[in-house]
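Top line first, the protein sequences correspond to chains S and E.
Taken in order, the first sequence gives residues 1 to 229; the numbers are from the working numbering.
Taken in order, the second sequence gives residues 1001 to 1249; the numbers are from the working numbering.
In case anyone wonders, no lab produced these hints; they're calculated from the structure.
Hints are not guaranteed to be accurate.
[Said to hold, decoys possible] Derived, one-sided and incomplete: chain E residues facing chain S with beta-carbon distance under 8 Å:
no., residue
1, Ser-1015
2, Val-1022
3, Leu-1033
4, Gln-1037
5, Thr-1056
6, Phe-1180
7, Lys-1184
Predicted, not measured: the structure shown is a model, and the values here were computed from it.
We treat Cβ as the ideally placed atom computed from N, Cα and C, and that holds for glycine.
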Amino acid sequence: MSTENSAITPKRESLFSKKNRKLLKDPLSESNPITIQVLGICSALAITVQLQQAVIMSLSVLFVMIGANLLVSLLRNLIPDRIRIIVQLVIIASLVIIVDEVLKAYQPDISEKLSVFVGLIITNCIIMGRLEAFALANKPGPSVFDAIGNAMGYAWVLLVVSIVREIFGSGAISLPGMGQVKFLPQDWFVSSGGFYENNNLMILPPMALVVVGIIIWIQRSRNEALIED
Amino acid sequence: MAINKNGTGYTFLFSIIMVVIVGTALAYTSLSLKPLQKKNAADKKMVDILGAIGVTTTRENAETDFPTYVKERLSIDSEGNVLNSSTGKVDHADSSDPFNLDVKKDYRSKKLPSELSFPLYICEDVIGKKIYVIPVVGSGLWGPIWGFVALESDMNTIYGAKFDHKTETPGLGAEIKDDFFSDKFKGQKLRDASPYFTIIKGGRKIEDLHSVDGITGGTITSVGVGEMIDRTISIYQYYFESVTNSSEQ
């Protein structure tokens, strides 16, 4: 688990103080939940076939994380220690069920594609990890920043992986209202006499692992502090 | 006196209050979103029925496309007698409309076939060929599976099929909903007696017209598909016999 749980400062601090900025920024790179802590990998591999699914999944995780971090932080002085994990689980599970119900009502197609993975947000280690490591010991404000930071850290990796996989796996990115946006000229494809064919391996989960691996590689080669001995 | 946060009494009180609040919030969310979810489920059902007869449509157009291809909706009893019939646009509030029969609920209820009624959709495809669409429901590995099987007017040749599932394993059993699986049913034929149709794990003869290959790694789900087709056809068989007999006379 990361170590940025600094003590609560007595002075009232501004919204974008250095500390709050750090809470938002760190999870994007140096303590990224996926690439550095390697949490939440299951969903990251499973639902990154299409950009659209990854966006909805990221928004769902963002909502659940902000909600859970805020609630746990507000209740942190009331939650009995002995049942704190159960309380955290109940809060996460309720928020996830709400997300699931809303998706079923307003985004039925996406909800179907995400299938069990929305429900599995409950078991996403990132969320409970942040509750246990941060929200239980910090005020609501910083907890919300921490939630946004970590959810964004999760989101950008998902988005990058899904964009790569959709372009190379399906040859086009499908966007709501715009249909299929092609990135390669049609006459490159074998079907119209060209030389290029979509890589079917890209739409299978193993390639998500490879793409995440490449992101980790790039990230560590740029930031030597992250390289382990 | 300060409250002892670790006392048993406090822990119980906290849990009770938490459960009541959470329960209320979830019940409220569920109830207020129910109408929209029901509409989505009905649209999806139309899309799937049309999918079984090879007509591709979207959720938005399902409501208007449905009556164009589905000419008549029947409900029959377990002996093949027609109980109700509806045509035209689907009335979601009318419980006598066969479209509103919830076959999934009936399947879960474990009632005997004689206590239930079964929906049957009589459709015409794009070139006006008469097709019978039968809803099927069964059990996969983790949860319910369902679908629609379309039969040609000889009531023996499979015209098309469409399957779906609730919680089958992605990449394995969940692939029953993919076209590569349902396309294999096209042109296959039913046997004259049960098992009317089977899904085979390995070693299927290519000339066998009464079966298709199961999905690798999804055997239990595949077998579930075969079972639900066989069980459902054995009920609709009575209706088919009565139709064939009356047309011969």
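Cross-check of the supplied hints:
Because the smallest distance between the Cβ of E/Ser-1015 and any Cβ of chain S comes to about 7 Å, under 8 Å, the interface hint for this residue holds. Residue-level restraint check for E/Val-1022 holds (minimum Cβ-Cβ distance to chain S is 5 Å; threshold 8 Å). About 4 Å separates the beta-carbon of E/Leu-1033 from the nearest beta-carbon of chain S, less than 8 Å, and the hint is met. For E/Gln-1037, the shortest C-beta to C-beta distance to chain S is roughly 5 Å, which falls under 8 Å, so the interface hint holds.
Restraint check, E/Thr-1056 versus chain S: the minimum CB separation of about 14 Å is more than 8 Å; hint violated. Because the beta carbon of E/Phe-1180 sits about 12 Å from the nearest beta carbon in chain S, more than 8 Å, this interface hint is broken. With a least beta-carbon distance of about 19 Å to chain S, the hint placing E/Lys-1184 at the interface is violated under the 8 Å criterion.
Consistency with the previously given hints fails for numbers 5, 6, 7, ordered from lowest to highest.
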